[in-house]
Structures are given as C-alpha cells and as structure tokens.
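S.K.: Produce the entire structure from the sequences given, and follow the hints as far as they go.
In order, the protein sequences belong to chains A and B. When the letters of the first sequence are read in order and numbered with this note's numbering, they come out as residues 1 to 291. When the letters of the second sequence are read in order and numbered with this note's numbering, they come out as residues 1001 to 1332.
No lab work stands behind these hints, which were simulated from the structure alone. Since this is a predicted model, take the numbers as computed values, not measurements. C-beta: ideal position from N, C-alpha, C; glycine also. Hints are supplied without guarantee of correctness; some may be wrong.
[Stated by the list, open to error] For lysine to any residue, the following SDA-like pairs were computed, each having C-alpha atoms within a straight-line distance of at most 20 angstroms:
(1) B:K1009 with B:R1313
(2) A:K214 with B:N1239
(3) A:K111 with B:L1283
(4) A:K111 with B:K1009
(5) A:K111 with B:R1276
(6) A:K111 with B:L1275
(7) A:K214 with B:L1283
(8) B:K1006 with B:V1016
(9) A:K111 with B:F1277
(10) A:K111 with B:A1289
(11) A:K214 with B:R1276
[As the list claims (entries may be wrong)] From chain B, some residues computed to sit far from chain A (all C-beta separations above 10 angstroms):
(12) A1015
(13) A1018
(14) N1028
(15) I1091
(16) R1107
(17) R1129
(18) N1143
(19) N1155
(20) W1177
(21) I1179
(22) L1200
(23) L1270
(24) P1298
(25) A1310
(26) R1312
(27) T1330
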Amino acid sequence: MSNLFDLLVAGLATGAIYALVAVGFTLLWQTSQTINFAQGEFVMLPAFLMLAAMHVGAPFWLAIILGILLSMILLGLAFKLLLVDPMMRHGVLPLAIATMALAIGIKEAVKQFFSAEASSFPSIVPTGDISVLGHAVSLQSIGVLAVAILAVFGLTTLLNRTSLGHQMQAAAQNPTVARIIGVPVERMILLTFLINAFLVALASLLITPIYLAKFSSGEVLGQAAFIAAIVGGFNQVRGAIAGGLLIGVLDNLAAAYVSTQYRAAVPLIFLIVVILFRPQGLLGRAEERTV
Amino acid sequence: MSGFGKPLKIALALAVIAALIVVPMNFNRYGLFILSQWAVMTIAAMGLNLTLGYAGQVSLAQGAFVGIGAYAAAIMTTHGWPLPAAIVVAIALSFAVGWVLGYPALRVQHHYLAFVTLAFSTLAFLVFRNESWLTGGIYGISNIPRPHIFGLATNKPLPFYYVCLGSLALVSIAVWWLIRSPWGRAFMALRENPLRAQSLGVDTRRYTLMAFAIGSALGGVAGALYAPLTQYIDPVPFNLSLSLDLLMMVIVGGAGFYFGPFLGAMIAVLLPEWLRFTEGYYLMLYAVAVMLLLIWSPTGILGILDRYLAARRTKAASALRAVAKSRLETAQ
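M.R.: This is the structure we're talking about:
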C-alpha cells in the first residue's frame, strides 16, 4: 500500500503542473479562441531564459524574476500582438497551424542558441524526504504541489472574487455584451495572455528541476496539458485543474501497474473515451453548435 | 485559375511534367531522393487535403497512416511479396482504419476531432515501437527491397524516382476525378454547411466516413512508397510531427485547392534543403516563413493567387461593364 500512496503523491505533483499548463490553455481558448500548439514549448522556454540569466551571472532569485518577466513579455505580449492579433479574424485553424510553426521555431532557437544537451536546473524546493503518515515523501513533490495549488487558488480567487476577475469572465463568455456594459475587453484578453505566460513560467520553474531543461521537453508536456484540458472540460478553468490532477495520477499509476511500454497510451485511451462519451469534458458545459 | 486560357494551362502542365521527367536525369543520388520524397509526401498531403480541405474534417493522424502503409509494405516485401500487392494491402488497411477513425468525427467536431486523431497518432506510434515481433521495434526493418516493374529493376535512384512520380501521376488523376464526381461535391457540401448538406439529402454519415477513409488510404499509399524509398524504416519518422508536418503542408499550400498539396509538400521538403546553407538556422527560418505566410494569407499560397485572379476578374468585368455603359450612352 505504501507504494500506492507514493504514486498518488507523485502523481498529484505532476498533475498539479499539468493543471497549471492546462489552465492557461483553456484561458486562451475562452478569451480568444486560440488553440496554442506551442503551449509545451512555452513551458520549456522560461527555464532556458532563467538559465541564460544565470550564465551571465545573475543569482538564482534574480534569474527567476527575469525569467518570469521575459516570458510574460515574449510569450504573453509579443505572442498576442505579433501572432494572435493579426490572425484572429482568420479563424481557428490557420492560427493553430501558426502556433505549430511557432513551436518548431522556439525548439530550434533553443537548440541553436543554447544547447541540444539536457542541462540541470536548480530546484527552488530543497531535496530530501519528510515523513507523512508514516510514509517518506519527497519534499520536491510536496513543494511542487504546494506552489501549484497556491497558484491555482490565487487564480480562481482572482477570477471569482474580484471585479477584475468578473470582467475577465464577462469578456470570455460574451465579448459583445461585455463591451456594451463597459468592460475593456481588449485589455482583459491581454491580461489572460499575460496570466498564461506567468503560469507557464511557474510550471517551468517547478518541473525543470525534475525533468531537466531540454529543448524537446515541451512536446510531452504540451500533449499532457492538452489531454488534461480536454478531459476536464475545454471551457472551464476548474475542469482543466481536475483534468490535470487526474492525468498526472493516471500517468503515474499506469507506469506502475500497466506495462511501461504502453504507459503513454493510458491517458490517450482515457482521452478518446471521454471525448466519445462526453465531448464537453468531465466538468465542461456543452457549447452550442454554430451550424 | 481561369485567368489563363485553357491551351496555356495545358501547355504549362505539360511543361511541368516534362521538366519533372527530364531534369532529374542528371541529378545526384541525394537530389533524386529529395524529389522522390516530395512525390511521396504530395500523395500523403493530397489525402489529407481530401479530408481537411474538401470535407472539412481536421485530422492529425495522417502521419500514422503513412506509417501503417510503410510497415505493411516493409513487412510484406521483406517476406517476398511484390510491392503492388503490398500497396493493395496498405490501401485496404488504412482505408479500414480510417473508416473506423471517422466514427469519432461523426460525434465530435473541430478541435475535439483534432485531439482524437492526435491521440490515435500517438497510439499508432506506440504500437510501431512496442510490437517488435511484427515491426522490429526501435531497431526497425532494414533491407526493404525496391520493386521490379514490368521486369525492370528499380534499385537505382532514378528508376525508383520514376516509380514515385508515376504513382503521384496516378493518384493525381484519381483525385482529380474524385473531386469532380458527385462524391467530391458532397464532400464540399459537407465542409461548407453540414446541416444544409443533410437537408439536401447528402448522407453526411457515409460521406464523413468516406472522406476519412479515402484520405487515409492515400496516406497508406504514400507510406507503401516511402518504405522502399528509404529502404529502412523505424517508428521515429511516423510520430506526431509527421502528421503536423502534413497538416502544415496542406494549409501552407492552400487547403481545398487541388494544387495546394503539391506546393505545400514542395515547400516542406525542398525549402529546408535550400535553406541548408544557413546550417542550424534552417528550421527556424522555415518556422518564421510559415508564420509570416499564414499571417499574410491564411488560405495558403494558392489563396494569394486566387485572390489576385479574383481581383483581376472583377476589374476586367467592371471594365467591360463601363464599356457597355458608354456604348449604350453614345447610342442614345
């Protein structure tokens, strides 16, 4: 049984990171119908920005701040102004393809300007184990889980409890009406892009010490986040959180109890089943058909 | 494209075909490989263009069907079967799997469908990698023979290039016929307005499944040619990124345009080669080029041409109207 407990904790820790990434993904979809196929690369890049800052001599805490700021500028502001805005009126598909191209671009740029090798990355949480209910649990898992829960809690508080959050939700749900009642819709959309950039930078900070900084590490992560977002409900922040945790746990359990070879298949089959029987996701609401 | 006269169009087509036959004769081995690759990828992209461009179903699984075709051909030809038999099996297999994959398309649309097909793509990759009794696992299958066509060996690069080119020609004719047939029109009705198509008596169920199955079968054909082209296959080339590449080819060339896949595959296969002098930067430049193109023209390269010709036609038409009007006025 102790094994199961450890698996659950580790699963929740990875799941919390998936949730961070998936939440940003659903936020972009809700406010601007953007499917960001580069979301995984968005998680990979901030770690390299932080590493680059450390290479030029910045201490770790300063590198973190610089990395988060830079990622908000590049992955939030520049992404919106240079790619999403000019393409928004063209519909979902061309923009989705453009983000695929962006993913290639980011990957290649990191490979070219930084390194094709995996680099280690310092952890913000001390390593070691503590004892919880008689089980040794790694501090890293607990730290990751704590930070991710805090971030998600902060975000949901912002969305549900503050006037700004209500304006953001109004802008996401019905831009036209929101505009009429005086919500600065454009600014709210920009804000969601900045929040997404912040969340991916945070996820990067949390996950890179565990899986190392590598130019290709975004692929797996992006796919996990997509699955989490769809399973939970594409148009719901709480759905993305639930989906993230679920996929994280499922992934870890599959690694232990299903063959290691087909480990990656378990979340995928789960995804297909969910889509077929509940296309709006476990917690999502059905979108009206527009045809 | 009706801005050109019909004879001019035929002459242009003949010139391109002649060039594709004659020019590569003095290409080196690598140049021929790249051109053959272009022909193979064009076939796969044409299949996806049927599913996506004509029937409007977003699929991220075309690469998996190329893989299915490639493994079918590799397994069969290394066991002594002739390539044409392998191609038939590849077509049947990918058609059947594509048909099944079409069922989710009946239930879910757009991005959901994209993700179902994405999942399928990854599952197919896992099967290629893990079922080593059949696929050789990570070691793959080597020494895939090239076929004898009418008693002629095609081991050398040039003859095999002609095999690829000839297959491309056959597929092009078949697709040309298909999109002009009532089927093709039903596909387009499906893309433009599924509800109206249904109310006009188009059996949307059957045609959605068909669009998927035929598109996938062409992926299988491409795969069955890819295996003897590279003569060695392992799971890596058929992962998700091939599906994404093929999707990009279709969109960049111009989804829903007959010649879109030809151009898209040319850009995806040849542009990185031309940009090779930039060394590590070529994929970056490619990515930037794709983004800029899509910002400028979301309907791809042929979209630009189409808009230009449409503008010229309206101009010509309004000029004719002005002439007619002035004639009318002088007559009065």
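S.K.: It remains to establish, for every hint, whether it holds in the given structure.
M.R.: Now for the hints, and whether the structure bears them out:
{"no.": "1", "hint": "B:K1009 with B:R1313", "result": "holds (17 angstroms)"}
{"no.": "2", "hint": "A:K214 with B:N1239", "result": "holds (19 angstroms)"}
{"no.": "3", "hint": "A:K111 with B:L1283", "result": "holds (11 angstroms)"}
{"no.": "4", "hint": "A:K111 with B:K1009", "result": "violated (45 angstroms)"}
{"no.": "5", "hint": "A:K111 with B:R1276", "result": "holds (16 angstroms)"}
{"no.": "6", "hint": "A:K111 with B:L1275", "result": "holds (17 angstroms)"}
{"no.": "7", "hint": "A:K214 with B:L1283", "result": "holds (17 angstroms)"}
{"no.": "8", "hint": "B:K1006 with B:V1016", "result": "holds (15 angstroms)"}
{"no.": "9", "hint": "A:K111 with B:F1277", "result": "holds (17 angstroms)"}
{"no.": "10", "hint": "A:K111 with B:A1289", "result": "holds (19 angstroms)"}
{"no.": "11", "hint": "A:K214 with B:R1276", "result": "violated (24 angstroms)"}
{"no.": "12", "hint": "A1015", "result": "holds (31 angstroms)"}
{"no.": "13", "hint": "A1018", "result": "holds (34 angstroms)"}
{"no.": "14", "hint": "N1028", "result": "holds (27 angstroms)"}
{"no.": "15", "hint": "I1091", "result": "holds (25 angstroms)"}
{"no.": "16", "hint": "R1107", "result": "violated (6 angstroms)"}
{"no.": "17", "hint": "R1129", "result": "violated (8 angstroms)"}
{"no.": "18", "hint": "N1143", "result": "holds (26 angstroms)"}
{"no.": "19", "hint": "N1155", "result": "holds (35 angstroms)"}
{"no.": "20", "hint": "W1177", "result": "holds (27 angstroms)"}
{"no.": "21", "hint": "I1179", "result": "holds (20 angstroms)"}
{"no.": "22", "hint": "L1200", "result": "holds (14 angstroms)"}
{"no.": "23", "hint": "L1270", "result": "holds (17 angstroms)"}
{"no.": "24", "hint": "P1298", "result": "violated (4 angstroms)"}
{"no.": "25", "hint": "A1310", "result": "holds (17 angstroms)"}
{"no.": "26", "hint": "R1312", "result": "holds (23 angstroms)"}
{"no.": "27", "hint": "T1330", "result": "holds (45 angstroms)"}
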